[in-house]
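**Q** So the chains spell out like this:
Protein chains: 2
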Amino acid sequence: MLPVAVDAMGGDNAPNEIIDGAQKAVEDHGIPVLLVGRPEVLEGLTDLPVMPASEVIEMDAEPGSSVRQMKDSSLVRAAEAVRDGKASAMVSAGNTGATMASALLRMGRIKNIARPAIATLLPSPGTTPTVLLDSGANAECNAEWLLQFGQMGSVFAQHRLGIKKPRVALLSIGEEPGKGSPLIKDSFKTFSEAEFNEGSFIGNIEGRDLLTDAADVVVTDGFTGNVALKTIEGTMKTLFSAILEKLTLTKESTAAFETLGPEFDELLQIFHPDTYGGAMLLGVKGVCIISHGSSGSLAIENAIKVAAEMSESGIVDNLQSSFK
Amino acid sequence: MLPVAVDAMGGDNAPNEIIDGAQKAVEDHGIPVLLVGRPEVLEGLTDLPVMPASEVIEMDAEPGSSVRQMKDSSLVRAAEAVRDGKASAMVSAGNTGATMASALLRMGRIKNIARPAIATLLPSPGTTPTVLLDSGANAECNAEWLLQFGQMGSVFAQHRLGIKKPRVALLSIGEEPGKGSPLIKDSFKTFSEAEFNEGSFIGNIEGRDLLTDAADVVVTDGFTGNVALKTIEGTMKTLFSAILEKLTLTKESTAAFETLGPEFDELLQIFHPDTYGGAMLLGVKGVCIISHGSSGSLAIENAIKVAAEMSESGIVDNLQSSFK
Chain A
1 MLPVAVDAMG GDNAPNEIID GAQKAVEDHG IPVLLVGRPE VLEGLTDLPV
51 MPASEVIEMD AEPGSSVRQM KDSSLVRAAE AVRDGKASAM VSAGNTGATM
101 ASALLRMGRI KNIARPAIAT LLPSPGTTPT VLLDSGANAE CNAEWLLQFG
151 QMGSVFAQHR LGIKKPRVAL LSIGEEPGKG SPLIKDSFKT FSEAEFNEGS
201 FIGNIEGRDL LTDAADVVVT DGFTGNVALK TIEGTMKTLF SAILEKLTLT
251 KESTAAFETL GPEFDELLQI FHPDTYGGAM LLGVKGVCII SHGSSGSLAI
301 ENAIKVAAEM SESGIVDNLQ SSFK
Chain B
1 MLPVAVDAMG GDNAPNEIID GAQKAVEDHG IPVLLVGRPE VLEGLTDLPV
51 MPASEVIEMD AEPGSSVRQM KDSSLVRAAE AVRDGKASAM VSAGNTGATM
101 ASALLRMGRI KNIARPAIAT LLPSPGTTPT VLLDSGANAE CNAEWLLQFG
151 QMGSVFAQHR LGIKKPRVAL LSIGEEPGKG SPLIKDSFKT FSEAEFNEGS
201 FIGNIEGRDL LTDAADVVVT DGFTGNVALK TIEGTMKTLF SAILEKLTLT
251 KESTAAFETL GPEFDELLQI FHPDTYGGAM LLGVKGVCII SHGSSGSLAI
301 ENAIKVAAEM SESGIVDNLQ SSFK
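Heads up: the sequence lines are chains A and B, in that order. The opening residue of the first sequence carries number 1 in the working numbering; numbering runs sequentially from there. The opening residue of the second sequence carries number 1 in the working numbering; numbering runs sequentially from there.
Worth flagging that the hints you see were computed from the coordinates, not collected in a lab. Hints may contain errors.
[To be verified] Here are the computed lysine-lysine pairs in the DSS-like style, where the Cα-Cα straight-line distance is at most 25 Å:
#1 A:Lys237 to B:Lys251
#2 A:Lys237 to B:Lys246
#3 A:Lys305 to A:Lys285
#4 B:Lys251 to A:Lys251
#5 B:Lys24 to B:Lys305
#6 B:Lys86 to A:Lys237
#7 A:Lys246 to B:Lys185
#8 B:Lys251 to A:Lys246
#9 B:Lys179 to B:Lys164
#10 B:Lys111 to A:Lys251
#11 B:Lys237 to A:Lys246
#12 B:Lys164 to B:Lys285
#13 B:Lys237 to A:Lys179
#14 B:Lys111 to B:Lys324
#15 A:Lys179 to A:Lys164
#16 A:Lys185 to B:Lys185
#17 A:Lys285 to A:Lys237
#18 B:Lys24 to B:Lys111
#19 B:Lys251 to B:Lys285
#20 A:Lys71 to A:Lys86
[As the list claims (entries may be wrong)] Far from chain A, some chain B residues (derived; all Cβ distances over 12 Å):
#21 Asn16
#22 Glu144
#23 Ile184
#24 Lys185
#25 Arg208
In this text, a Cβ means the ideal position worked out from N, Cα and C, and glycines have one as well.
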């Protein structure tokens, strides 16, 4: 089993939380890991194998030029490890744009796919999560790209969630075919006449349906998708903070709230972005898992598990043959 | 004091909840109300004055053609009452598109404003709500329209929330000026050089900042705005349902949860869309308050209060002189 290449230098909590998560993936799940980063930083902190990379692309660096110029960066080296058959997949919590650019430039694009897209899982309590894509790779899209996102998303839902016939929907502002932006109206026609690799197009859904069982795969452009994703994260954060503050105002409520501790922790876990261990960049010739910049060790551990599972599932081969 | 014209036939809970809300506005707040709708339906249910209108535009009817054809509909008559000086403002929980079309066609557009926009309040616990616009009137926009939305939103934040110098932001997918869709990048330049009626442009914010104190007025196109708004509503609904279900699984947790009842109800109220009593259509020559289709009597009562306040505040005159 090839190791998962983990960018040890990327993310707000690098390298310590990244190393901790990697260690757990090795110890608890038996997944081999190759840490990528500065040996002088990493070797004092861990006994895991290290692939040396002398540079670090900062979180706010311009993605394209950084990847072109910083050839010995941890992100570029991680993507090369996948390309060269030294790793089965890559994981990074670093600069999202640079992660995409590294994967795209080093692994290459799958033939006939116009643009890679980021597929994110949204929690939907009591049922399988909803796949949202594109959640941020392409701020401007056309109907043909969205169609490919839908088709890639359908394959992803099959491999990642075990849904045999994914229900694919467009994100719009009304269920009727005539509702939405010009892009969505165009796409509705394109989607209606297309096939989705055993899945099927079920029409438009709205923002309020994202965290429900309304659809398995929700397709949108990367601008709208990223706004929706961050709006969900922000709403949850505000709501959980308000609950914590409000329910611990008095001694009585604090005591009652403490009784509910374990249940509340489970709720937090269902809705916490760390639980799903990151998004997948679909459309490149290799498995690339993009974790939240704020990832802690649990998020990294989960991301490594997902990376290994996706590699073993053969999703990249499957995408390549779907788009042949 | 002129009465507020209330569309008694519009919304999922019409006419009963509409009438109840109107009754409370009259009794508890001393606001005169004129119910608009079918006399044969309304007169058995209430003693409030009724302006007769024989037709009802259904929730899923096509807005433009309905308003043109159904001249004796409750929505068209309510808008005419404002135009003709028989009412100070209109309120409807009916078909949103038809409400906008009625207001636009009967009251008319404010001179020099290209397109009216819907301004919605988003809860931001511990501080003033955030104004989001456009939250659904215009699925496709250009930078000049967005600029006018920002300027109207600034005036609205002053009148509605008492914020003297509103901080105006664009909704994007990164804080840097170069981040976002082509529309947002264009708008960033336009906004940077513009004035906002005592307010100021503070740059881009992201979806996760909507329910925080990051900005007072957040500007976006009606497609993105509506997706964001419904995503917030859906996330809250999913989260509150999950909390209710999870925290009442055992006898112990149910007992603890019941202790927290009053605090939890307050939380629900902070985040419930009914609390703010509806959105305002900015850019027409009259006050038009659009309530959620699912509005209950509290939402209608609050909407009537807001309608009366906005009318008394002189916001329409102020918008007219701002854009002269």
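**Q** Run every hint past the structure and note whether it holds.
**A** Verification of the supplied hints:
1. Straight-line distance between C-alpha atoms of Lys237 of chain A and Lys251 of chain B comes to about 28 Å, which puts the hinted pair past the 25 Å bound.
2. For the given pair, Lys237 of chain A sits about 18 Å from Lys246 of chain B by alpha-carbon distance, which is consistent with the 25 Å threshold.
3. Taken as a hint, the Lys305 of chain A and Lys285 of chain A pair is honoured in the structure, with Cα atoms around 19 Å apart against an allowance of 25 Å.
4. Annotation: proposed proximity of Lys251 of chain B to Lys251 of chain A holds, straight-line Cα distance about 21 Å (limit 25 Å).
5. For the hint linking Lys24 of chain B to Lys305 of chain B, the alpha-carbon distance of about 10 Å falls within 25 Å, and the restraint holds.
6. A C-alpha spacing of about 46 Å is found between Lys86 of chain B and Lys237 of chain A, which places the hinted pair above 25 Å, so the restraint is violated.
7. Distance hint between Lys246 of chain A and Lys185 of chain B is unfulfilled; the C-alpha atoms sit about 39 Å from each other, more than 25 Å.
8. A threshold of 25 Å between alpha carbons decides the hint, and for Lys251 of chain B with Lys246 of chain A the separation of about 23 Å falls inside it, so the pair holds.
9. For the given pair, Lys179 of chain B sits about 29 Å from Lys164 of chain B by alpha-carbon distance, which is inconsistent with the 25 Å threshold.
10. Between Lys111 of chain B and Lys251 of chain A the CA atoms are separated by roughly 57 Å; this puts the pair beyond 25 Å, and the hint is violated.
11. Taking the CA atoms of Lys237 of chain B and Lys246 of chain A, the gap is near 18 Å; set against the 25 Å cutoff, the hint holds.
12. For the hint pairing Lys164 of chain B with Lys285 of chain B, the CA-to-CA distance comes to about 23 Å; that is within 25 Å, so the pair holds.
13. Restraint check: the Cα-Cα separation between Lys237 of chain B and Lys179 of chain A comes to about 23 Å, which is no more than 25 Å; the hinted pair holds.
14. For the hint linking Lys111 of chain B to Lys324 of chain B, the alpha-carbon distance of about 7 Å falls within 25 Å, and the restraint holds.
15. In summary, the hint linking Lys179 of chain A to Lys164 of chain A is not supported, as the alpha carbons are separated by about 29 Å, beyond the 25 Å threshold.
16. For a cut-off of 25 Å, the pair hint linking Lys185 of chain A to Lys185 of chain B stands: about 23 Å separates their Cα positions.
17. For the hint pairing Lys285 of chain A with Lys237 of chain A, the CA-to-CA distance comes to about 35 Å; that exceeds 25 Å, so the pair is violated.
18. With a C-alpha separation of about 36 Å, the suggested pairing of Lys24 of chain B with Lys111 of chain B is violated against the 25 Å cut-off.
19. Pair hint Lys251 of chain B plus Lys285 of chain B does not hold up; C-alpha atoms about 56 Å apart against a cutoff of 25 Å.
20. About 17 Å separates the Cα atoms of Lys71 of chain A and Lys86 of chain A, which keeps this hinted pair within 25 Å; it holds.
21. At roughly 25 Å from the closest C-beta of chain A, the C-beta of Asn16 of chain B stays outside 12 Å, upholding its exclusion from the interface.
22. Residue-level check passed: Glu144 of chain B sits 18 Å from the nearest beta carbon of chain A, beyond 12 Å.
23. Under the 12 Å C-beta cut-off, the non-interface status given to Ile184 of chain B relative to chain A is violated; the minimum distance is some 8 Å.
24. Lys185 of chain B, annotated as away from the interface, has a beta carbon of chain A within 12 Å; the closest lies near 9 Å.
25. With 12 Å as the threshold on Cβ separation, the claim that Arg208 of chain B sits away from chain A is violated: the shortest Cβ distance comes to roughly 3 Å.
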